[in-house]
Every structure is written in C-alpha cells, then in structure tokens.
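Chain X: place on chain U using the hints.
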Amino acid sequence: MAAYLVRRLVYGAFTVLGVLLLLFVLFFTVTDPDDIARKAVGDRAKAEVYVQWKKNHGYDRPLFVNSEHGVADTKRYTDTLLFEHFRRMLTFDFGRSDADGTPIAKRLREGAGPSLSLTVPLFVLGLLVGVVVSLFVAFFRETYIDRSMLVVCMLAMSIAGLLYIIGGQFLVGTLLRWFPISGFDPDPAVTARFLALPVLVGLVSGFGADVRLYRTVFIEEMNRDYVRTARAKGAGDARIMVRHVLRNALIPILTNVVLAIPFLFTGALLLESFFGIPGLGSLTVEAIQSNDFATLRTMVFLGALLFIAGQLLTDISYALADPRVRLS
Amino acid sequence: MAWFSNMVVLLLVAGTIWLARAASRSRYWRESARELWRRRRLALIVIGVFVVIALLDSISWVGGARDGDNLAAFQARSIIDRIFQPETFKEASYSAPLAKVAFYGGKPLTYPGAHLLGTDILGRDVVYRALKGVRVALLIGAFTSLVVIPIALLFGVSAGYFGRRIDDGVFFAMTVLASVPSLLLLIALIMALGKGTVQVCIALGVTGWVHFCRIARGETLKLREADFVQASRALGVSDAKIIFRHILPNIAHLIIITFALTFTGLVLSETILSYLGIGVEGSWGQMIDQARNELSRAPIIWWNLAGASILLFVLVLAVNTVADAMRDIADPRTRREGQ
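Protein chains in written order, with the numbering used here: chain U, 1 to 328; chain X, 329 to 667.
Possibly wrong hints are sitting among the right ones.
[Stated by the list, open to error] If you want the footprint, here are the derived chain U segments under chain X, 3+ residues with CB under 8 Å:
#1 163 to 176
#2 301 to 310
[Said to hold, decoys possible] In silico PhoX-like pairs for lysine-lysine, Cα to Cα no more than 25 Å straight-line:
#3 U:K106 / U:K39
#4 U:K54 / X:K569
#5 X:K550 / X:K523
#6 U:K39 / U:K54
#7 U:K39 / X:K523
#8 U:K55 / U:K106
Just so you know, these hints were derived from the structure itself, not from any lab. All C-beta atoms in this analysis are idealised placements derived from N, C-alpha and C, irrespective of residue type, glycine included.
Looking at chain U on its own, in the form it has when it is part of the complex (with noise of 0.2 Å):
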C-alpha cells in the first residue's frame, strides 16, 4: 500500500517536472527570449531599449550554461534560464506579466473568485440536469422518448461552442431582452443576473455529451442482474430506478466528474470571454492577444498541476477503497 503511494506521488512530480521541460522547450527553445522581446518591444525598439525589457523581465541569463561563472561555481548551471524556469514555476513565483508588467500572483487571485462564481453553478447545474434527463431517458430505453433523446444529442454535440455562445447572446440576450448580454459585479446579489446567461449557455453547450454519456453508464446499470433481484422482490419502477441503478451508476459518474474538478479553476475560456467576467479564461485568452508568454506559461502549468493532482487523488482514493491495492 505504502510503497503504491510512493510509487504514485513519484510519478505524479515526474510527470509534473516533464510539462515543465515541455514548456521550457516550446517557449524557451522554440520561441526564445529574442522573440518574446522583439514581440514585445517592436521591430522598430533600438537595440538599449530591447535589451532593457530582457533584463527586466528576467529573460537575459543564457539558456543552459553560464559562462560568466566559472567551471567548479554552480552558478554556472543555476543562473540560466532553464534553472530559473523551474526554480520559479515550482516555489510559485510567477514574476511580471510580459504585456504590462502586473504581477501574476495578482492576477491570479483576482481572477480565481470570478472563475468560480461561474465554473461552479455550471458545474453542479450541469451534473443535476445532465443525471436527472438522462436517468429519465434510461428509464424509457429503446422507446420514441429514448431515441428522439439521442436525437437531440447528436444534434447538440454537433454543434460548435462558439455558435452557442453567439446564438445564446442574440436570443436570449438581444431579442428577448431576459439577461444583461456582458458584465461583472463584485456584489453576488447583482451578478447573479450577468452570470445566468453565461451559466445557460454553458448548461445547453454541454447537454448532449453529458447526456449521452449518462445515459451509457445507466443502461449498463439496469441490465445488471441486482435490478432483476429488486424487479423479482416488487420494487417499484421509481424505486429501483433511484435506489438501486442511480446509486450504483454514480460512482463511475462520479469518478468522471472528479477529474473535472481541477479546471473549475482555471474557468472556461470562450464563456468568461465573451460574457466580460473577468476571470482566469479572460486572463488566458488576453494573454494570448498580447503575447504574454509569462502569463501564458503560467496558465498552463496551473492547468497541468490541478489536473495531475486531482488525477493522483482520485488513484489514491481508489486506492484506499479497493481491498487488492490496500491489503497489498
């Protein structure tokens, strides 16, 4: 059991410690600092002012070795670029973004709080609708309700997310006039009113995936032989359905959900975006536009290290349930 752990957490700072080298590659070697600073400054900077901004933004150390230093000094191999790199992603110290120079760790926490007044309601709305349609649809499997119900999903998967948001904000937002089409308020009671266009949305754009996957699990569920036992005893229909296949169906359903916890966080990219809340989505896709690479590092390490975690706790947890790994 012990030695599975270690085994596991070893792997997980492995893994973490390879998206690191990833990103050292595709934004140290790939584009390097030289270009970073050029997008930044203009073609046109003179020569002081480009080598300025390097120094500022920490990107004038050589990449791997420093010849400044001498061959016995560590400094040699610690003040690079590729030490730095790690030094700084791994003790949380993001530094400046490249584009206005704000500190990230800022940026950060004040995004966190607006990702998550919308990530969270979309999450819970979204496993509610999604569990209660789809155990509705199992229920009348292989009939008119069930197969229209795929129907609709195939159609709704098919289309893309950045129609939903558009058609959403047209709709609801311009014709009917029901919602604010953009905004954000720090107070709960008013931003309730901007954040249920956004959650709608959302809720619609994920329908017909989460339903069909749903569906799936539950199906397997009912052909299970328990159901037979509960029908041959005189359960109910609705009985057996909540009692027996919803409670079994939720575990691989849950184990799903768990692995999407972790990016509540890092909030959802086009949806913050387009609705104006200003969160971490809103962060990454400004990143993107100015070409702020700190920013951009930064995002994807955070996105990488929530999901290894909440990969590694769901192992462990896993771990712990089943008798074969823990009496081992």
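Then chain X, alone, in the frame of chain U:
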C-alpha cells in the same frame, strides 16, 4: 505550391483506392462496410460530397484567366475558383441572399439575384467562401490525423508490444501531454510555433497524437496476451510479422472510430482557435468569428454566420453519426435495434 497540393491529392486518392482494395479482401471489412452503408447512407453521401469539394479545391493550375484580369493570370487557381470566378463575381459590400440591390444604399448589384447566400462586408460571395472552407476543415481534421496516425501507431504499438523501456518512454510522453488541458496545450503549441496554417496543423497533430497513441498502446497490450498472438509467437513468427498480420488488423477498427471522433474534435476546436485569433486562414471558424457582431446590426445580417455554421454543422453531424454507427457495428453489445 500548386504542384504540391496536386501531388497530395493524387497520393491520397491512390492510397484510398489501395486501402479499399486491401480491406475488401477481408470478409469482416466487407460486411462492416456494407452494414455501415445500409445504416448511414445519407451521412456517407454527405461526407463524400464534402470530400469531392475539397479535392476539387485542391487541384489547381495557372492560366485560363479572363482577359484583363492581371492578378489571376499568374496565380494557380483551383477548380472551385474557376467555377466561381471570385475576381469578378463580387459586389461592393454587403448584399442579402438573392438580392437585386446592395444592402446599404440600395444601388443595383453587378450580379443581381446571383448570390445565393448574399455577400460579406467586402462583397465576396458567401457560398464561395463557405465552400472554400470545406478544404480547410478537411485539412485540419482529416489530413492532420492521416499524417499523425502512422506516427502514433509506430509509437503506440511498439510501446504496447515490446513494453519495458520503450513503453516507459512513450507512456511518460503521453502522460505529460495528456496532463495539460487540451485547449491550453493547443494554445501553448501555437503561441510557441507561431501563427499560420502549418503551425496550427502541427499543434492539432500533437494533441491528436495522444489520442491515437493511447488507443494503440492500450489495445496492443491486450492483444499481446491473446491466444492467437501467443500461438504465433510460439510457432516462431517474427515480431514484425505478428504486428502486421495480427495486431494492426485487430486495432484498425478502433483507429478508424478514433479518427472520426478526433476529426470532429479538431474541426470544432479550430473554431475556438479562430475566435482567439490563432486559427487557420479561410476556415469556417474565421468566418463565424468575423460575422459574430453582424447579428447585432439593426437590419440583421445573418447569412455570413449561417453559411459557415450550416456547413460546419452538417459536416460534423455527418461524421458524428457515422462514428456512432461504426462503434455500434464494431461492438455488437451496444447494437441498437431499428435505426
């Protein structure tokens, strides 16, 4: 570039014919194909039409321009270009579908009633632009996957079959790539490689690689222990022969299904990339992105958005339904009656 895309078209057509002939020798593939055709005739025809449009748009050559059209005279133009003649078949600005006068100002059009879906802000025909998007979509979704699949098979199958060091390496690379959320990985790759069609395709290819490699590795691991593989190994059949005769044919159906699902995934994520300003030139995503504010104009302009979205929707829907049917055919447990 013209000769290059012509060669690619030739290679693709030749490769498809060769594959179809090779597959038709096996009874399993013949029956599966017949079953697929029986269930999803319409969707397959739709996909076929899209493929033909894309191929017609990929075959291009210089010359044959009308007199006085200096620019077009030196450019390689595809068959679609030659049909629509976009250099002359355009208006000054917006015009509604089949309109006889311009949308703003009401001046008579050069080609009254000829633009089936109207024209965009620069007066370009919307049907022409939407049809040009077909090739881009297939390039993003299908061509990218086709290039990536052999590489992923090489890594995935050898990792699953030989295990040990190779497996450790491939599995680690897969874990690292898969632990970055796919949209963020795409964005990071494109930002690092730079904007442009080739760069976006490479980025999409890397994300697609993970899918194919995971499937190939997982299935090979299972097959390696199967009785028929063990038996051939005991008989002294070489590894290469086992892989080509026993492993690859048995994972082919999964690769095809993953191909269809990856296709729709890639085409749909390209629309997001277009919104972020790092998409592919001339894609439906870019058309949708450019048209996204047109809905809020006072007399609403919908045809740009509609042209691109309808074609995108029809293509993705067709591929999705075919993928669904393929999954059912390959896995009889989930087979549904009727349809």
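### Task
Report the numbers of all earlier hints that the structure fails to satisfy, in ascending order.
4 and 5
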